Amino acid sequence: MKKLLFITVGVLSAFTVSAQCPQITCPSNITVNNAPGTCGAVVNYVTPVGVNPCGSGTQTFNYTGSIQTFTVPNGITSVTIEARGAQGGSGGGKGARMIGDFTVTPGQVLQVLVGQEGGIAPNQVGNGGGGGSFVVYNNTPLCIAGGGGGTGHNSSNGNYQLIGGTTSQNGQIGQYSGAGAGGTGGSGGGESYTPGAIPNAAGGGGFLGDGGSSGAANGGKSFLNGGAGGSSTGGFGGGGGSNLFIYGCGSSPHGGSGGGGYSGGGGGGDNCNGAGGGGGSYNSGTNQSNTSAYQSGNGQVIISWAGGPATTTQTAGLPDGATFPVGITTNWYKVEDGLGNADSCSFTVTVVDNEAPSITCPGDTTICWGVYNANITSSDNCPGATVTQTNGPTLGSSFDVGTYNLVFVVTDASGNKDTCD
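All the letters of the sequence shown, read from the start, carry residue numbers 1 to 421 under our numbering.
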């Protein structure tokens, strides 16, 4: 029903493959002075907490008449796919629903085709099949939900049945004599034919092969051939098209056309009553939950994922509120998502010792000629201060007669000084 238009629909920017997942950001570097009388300082900072922008998410695809794409977010290695086929025309058979879990690779691009509800032919002379919904990677099917078959012309007389999309891989045969066979192994469904009547119920397209055409009714195209619906009534996604000529019930079968899917449904037969067969489905995922004849209207595809948690740990340094020593301490934090992905950051805490040491010399002293010693004392808030003599004869040596000015300097590890003489 629709011509193929291939477009790419990007996912939200939060899910682009360039994103780092998980992520963590540290505060800026911190510099403080020491607490008076101590060789350190209590430092408070905002503890970094990692986040995972590739956490749980869902993207829903609705019918657009084109093949769309889904890019697997960074850090995601498993997705759940729910595909729902479209309903056949004029209240026809409902589409199948297929659910499964699939292993994927970050950055992998999946093709998504959402089936269109089958159209209604003039005077409802056999209605179009519903399109299947497909999720495919590199021309390999992952999850396909078959579309429902269209109703026959006399859909209100109680002599027809609705044939929905099936969870089986094989498409279903159309209703009544002369109906087309359902496709198998990814092939399209067969067209209907009633001897002595104008054949006009087409088969639904499969994944690999097109549906059979019958008279003026064109079969639905396979996914690999673009997925267009047959004629103007077959739903996008391989729904079989119906005959657009208007004949009385005695002149033509007017059966409904088959639904698209992994294998197409067959066209309906008999005089006015035959419904088209529902399309087959396919599911290669785990934890499957599959339902035949589930979806009304257009199809739908829902892809959801659950990212790992964001677990943050400190791998080096001191925590918030700790007493940091004078000098530079580097704090490292790491966040992990439980899937093997991680990120880390660091910042420094610098405690500056701006407290000078103190030094005490004895008072002026008069001695007779000879050796002189004195007790020079010093103290500092941090260990490691050193005392040096910068003027006068060295203590412990012999002093000649005269007057001497002895000068001493204490220097701590941070370069702070004090002097006495």
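Keep in mind that the hints were calculated from the coordinates and are not lab data. Hints should not be assumed to be uniformly reliable.
Just the calculated beta-carbon pair ranges, DEER-fashion [unchecked claim]:
(1) Thr47 x Pro383: 27 to 37 Å
(2) Gly37 x Thr390: 36 to 46 Å
(3) Ala374 x Gly37: 22 to 32 Å
(4) Thr60 x Asn33: 26 to 36 Å
Keep in mind the model is a prediction, meaning the values are calculated, not measured. Ideal placement from N, C-alpha and C gives every residue a C-beta, glycine not left out.
Hint by hint, here is what the structure shows:
1. Thr47 x Pro383: 27 to 37 Å: Holds, since Thr47 and Pro383 (Cβ atoms, about 30 Å apart) stay within the stated range.
2. Gly37 x Thr390: 36 to 46 Å: 27 Å, violated
3. Ala374 x Gly37: 22 to 32 Å: 27 Å, holds
4. Thr60 x Asn33: 26 to 36 Å: With Cβ atoms ~57 Å apart, the hint is violated.
Of the hints listed earlier, those the structure fails to meet are numbers 2 and 4, in rising order.
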